[in-house]
Amino acid sequence: MTLEFSQSPAFTMGVELELQLLKSHDCNLARDAADLLARLGKVKHPGQVKPEITESMIELNSSIHQRYTTLADELRTVRSVVARQAELLNLRIAGGGSHPFHQWSERRIYPTERFKHLLNLYGYLAKQFTVFGQHIHIGCPNGDDAVYLIHMLSRHIPHFIALSASSPFYQGEDTSFASSRLNAISAFPLSGTMPLVESWDEFNAYFEKMHRYKIVESMKDFYWDIRPKPEYGTVEIRVCDTPLTVDKAALLAAFAQALAHYYLIERPLEATPDLYLVYNYNRFQACRFGFAANFINPYDQQHANLGDDLIATLKKLAPHAVALESSAALNQLLDETATRRNDSSWLREQLKKSGSLNDVARLQSNLWMGKPDRA
Amino acid sequence: MPELNFLPTLPPALTPPILFGLLLLVGLLGGEVARLFALPRITGYVLVGVLFGPGGLGVLTTQLIKESRVFVDISLGLILFELGRRLDYQWLRRNRWLFATAIAESAFAFCAVYFGLRYFDYPPLHAALAAAIGIATSPAVVLLVAHELRSEGQLTERMLLLTAVNSVFAFLSVTMLLPFLHLEQQAGWAETLPQPLYVMLGSLLTGLVSSFFVLRFAAWLGKHEDRQFIMLVGMIVFTAGLARSLNLSVLVTLLSVGILARNLDFRHKLMAVQFGHGGQLFFVILFVMAGAGLRFDALPQVAFIAGMYIVLRFLGKALAILVFGRFSGLRPGAAGLLSIALLPMSGLAIVMVQDASSLYPEFGTQLSAVVLSAVAILELIGPLATQFALKQAGEAGERR
Chain A
14 MTLEFSQSPA FTMGVELELQ LLKSHDCNLA RDAADLLARL GKVKHPGQVK PEITESMIEL
74 NSSIHQRYTT LADELRTVRS VVARQAELLN LRIAGGGSHP FHQWSERRIY PTERFKHLLN
134 LYGYLAKQFT VFGQHIHIGC PNGDDAVYLI HMLSRHIPHF IALSASSPFY QGEDTSFASS
194 RLNAISAFPL SGTMPLVESW DEFNAYFEKM HRYKIVESMK DFYWDIRPKP EYGTVEIRVC
254 DTPLTVDKAA LLAAFAQALA HYYLIERPLE ATPDLYLVYN YNRFQACRFG FAANFINPYD
314 QQHANLGDDL IATLKKLAPH AVALESSAAL NQLLDETATR RNDSSWLREQ LKKSGSLNDV
374 ARLQSNLWMG KPDRA
Chain B
1207 MPELNFLPTL PPALTPPILF GLLLLVGLLG GEVARLFALP RITGYVLVGV LFGPGGLGVL
1267 TTQLIKESRV FVDISLGLIL FELGRRLDYQ WLRRNRWLFA TAIAESAFAF CAVYFGLRYF
1327 DYPPLHAALA AAIGIATSPA VVLLVAHELR SEGQLTERML LLTAVNSVFA FLSVTMLLPF
1387 LHLEQQAGWA ETLPQPLYVM LGSLLTGLVS SFFVLRFAAW LGKHEDRQFI MLVGMIVFTA
1447 GLARSLNLSV LVTLLSVGIL ARNLDFRHKL MAVQFGHGGQ LFFVILFVMA GAGLRFDALP
1507 QVAFIAGMYI VLRFLGKALA ILVFGRFSGL RPGAAGLLSI ALLPMSGLAI VMVQDASSLY
1567 PEFGTQLSAV VLSAVAILEL IGPLATQFAL KQAGEAGERR
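In order, the protein sequence lines correspond to chains A and B.
Residue numbers are given in our numbering: position 350 of the first sequence equals residue 363, and the series is strictly consecutive.
Residue numbers are given in our numbering: position 193 of the second sequence equals residue 1399, and the series is strictly consecutive.
Since the hints were made in silico from the structure, they are not lab data.
Hints are not guaranteed to be accurate.
[Claimed, not checked] According to the in silico footprint, chain B covers these stretches of chain A (three or more CB under 8 angstroms from chain B):
| no. | stretch |
| --- | --- |
| 1 | 43-52 |
| 2 | 100-111 |
| 3 | 371-383 |
Being a predicted model, the structure only gives us computed values, none of them experimental.
Backbone N, C-alpha and C define an ideal beta-carbon position, used for all residues, glycine too.
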């Protein structure tokens, strides 16, 4: 079985957002995904909305975009439609990488064949997988470029984690992590990174071997942080927590697009094994400490503050942002990084102010749905 | 022979603590036996009540039932408060079709029963009163069956919301009808109006004041679930007792505390406290006593009319939900199940019948037997209907 890498226009982008479905009266996770999806099936909206592994989640997919502004506009439109339909069912929708206080054992698997199979295979891990991520797709002209881009982006995984981190609470406790969600992913046997292959042919040889061993059926079985998506002709970045707003989701996509533009046009570096020697250290640091993490640069072996490294990266991307008409987006990320505050900081502040995780969940859903709130 | 007057007389007197403990134990037993037959526990509690009640072994005498009223009030208070909190005004405001469903569900049930009874030549006022009582679904049954099944979803939420709304409508209609009964007895407006007005406004005002204190208390306590729990139980029991002492309606008072505490809590100070195991204690007592209060003696004579009463009431509710439910976002197929879930009637109806009969004995002789027989039947099959509907809808939690 050989995987064909479909061609897609370079630097196009699309996002997938896994979202939380909350009950109005206590802001715990609800079980109404099927009812909400049925309603959304009857109203017109751009993009797609799909079920996810448990009945408390939905996944929102954007269409394919060349430019940041059209992506952001579309996401805001879908946000309004989804929020409106949810309200008719007395549900709330929230962003954020984890629900602050739900109990995984109360979750129910969404009844499709694939999800039932996952429950059979993974047991409680499947229910603990009720965490919420953003996936960003970047179009690549060919498989070799995709392989190269994946290696280059792996250096930036900590940036994406720190920028998107929004899962400080898990099962009713403060985890002390900026992103606790990625810990739930690491439990899966096929999580991790793509091996250090150098071309699409080499990747295919690897995939065929894994397929022959019957370890995987398709690309879907790899839960890697970044993986190629040959049927779309894209590279998919999967480490981001779903941000608290769709605006932030669009900003993250713009960052990924600018990075892809930089690496595929300038080809400044070659992939080295060192990328993956420091990988897990850097990834853990970013999950645990966010912008304050320690970051080891695999190309010069220097230690740096992750926030500083991100600012340097964003500045380096400026000319590419101009070409992609996303300077405003990258500047916004620069400003945010300068304050060293991300969504996790916001969530912790809300807990301090309100005193209960139910309130945190309510406030984070107000934020996502674009509703003003008293106190 | 020395005097042994320190020894008690035997058997020992059935004091309230002994009674409370015994009711709990036999109720529990009945509940577990019911589970063996895949029946809801509530049905088990009710059957224990029937067995030990005045109509059965007679252990629970009418006198004892009266003395246990305090337990019943506490349980009802907790349930009504909880149900009131599920009446989310914002949801009704956003979803107009749901609002229409709620109104129609009450109105159609009333009309169906009213015209049915008129067809059988019952006098208009009596028919209206019996129909008004039939509007209400039993708050205790739907809430506890939903709890027991750990049921969640659109059908469950709507069942609780509609029950809260139809309980309010039932009480309002009955209260508004009472003056007309008086009038029929040639009393003037001056004698007839004050009492229902007092009950209605007094209950609402008490509810308002109580909910105000609940929210102030909650704000002062902060977000501590354990302390808010104690405060809530305290306020609810106190308010239920106060309503009873002031000759107000425990139903309206506590329901309005729940509704107002939910909808006036703009600053989100009150937590979503679960009553949990503590609440369960009182609910066992509530249903055992409800079972003891059931009357089956008149059933043979009025069986047909009571049956018609149940069927018409169901058809009225079902029609409203079938017509309006779809527009309010209810998934196809759920409307029928929701109508079934709303079938239960219970103690609430008995209280309303008693109120009406005490003010107007003629109603007691004519229609109360019909309503009470219908309640007796629904008290037994109602929990089963609700359980069936929630399971069939796929909203019951996984078994543990």
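- Message: Using C-beta distances, would you say chain B covers the stretch 100-111 of chain A, given that this needs three or more residues below 8 angstroms?
- Response: With 4 residues closer than 8 angstroms to chain B, the stretch 100-111 of chain A meets the three-residue bar; holds.
For the stretch 371-383 of chain A, do three or more residues have a beta carbon lying closer than 8 angstroms to a beta carbon of chain B?
holds (count 3)
Requested in this report: Would you check chain B against the stretch 43-52 of chain A, counting CB to CB pairs closer than 8 angstroms, and say if three or more residues qualify?
Outcome: It holds, with 7 qualifying residues against the three required.
Figure legend: structure checked against the earlier numbered hints; every hint is met.
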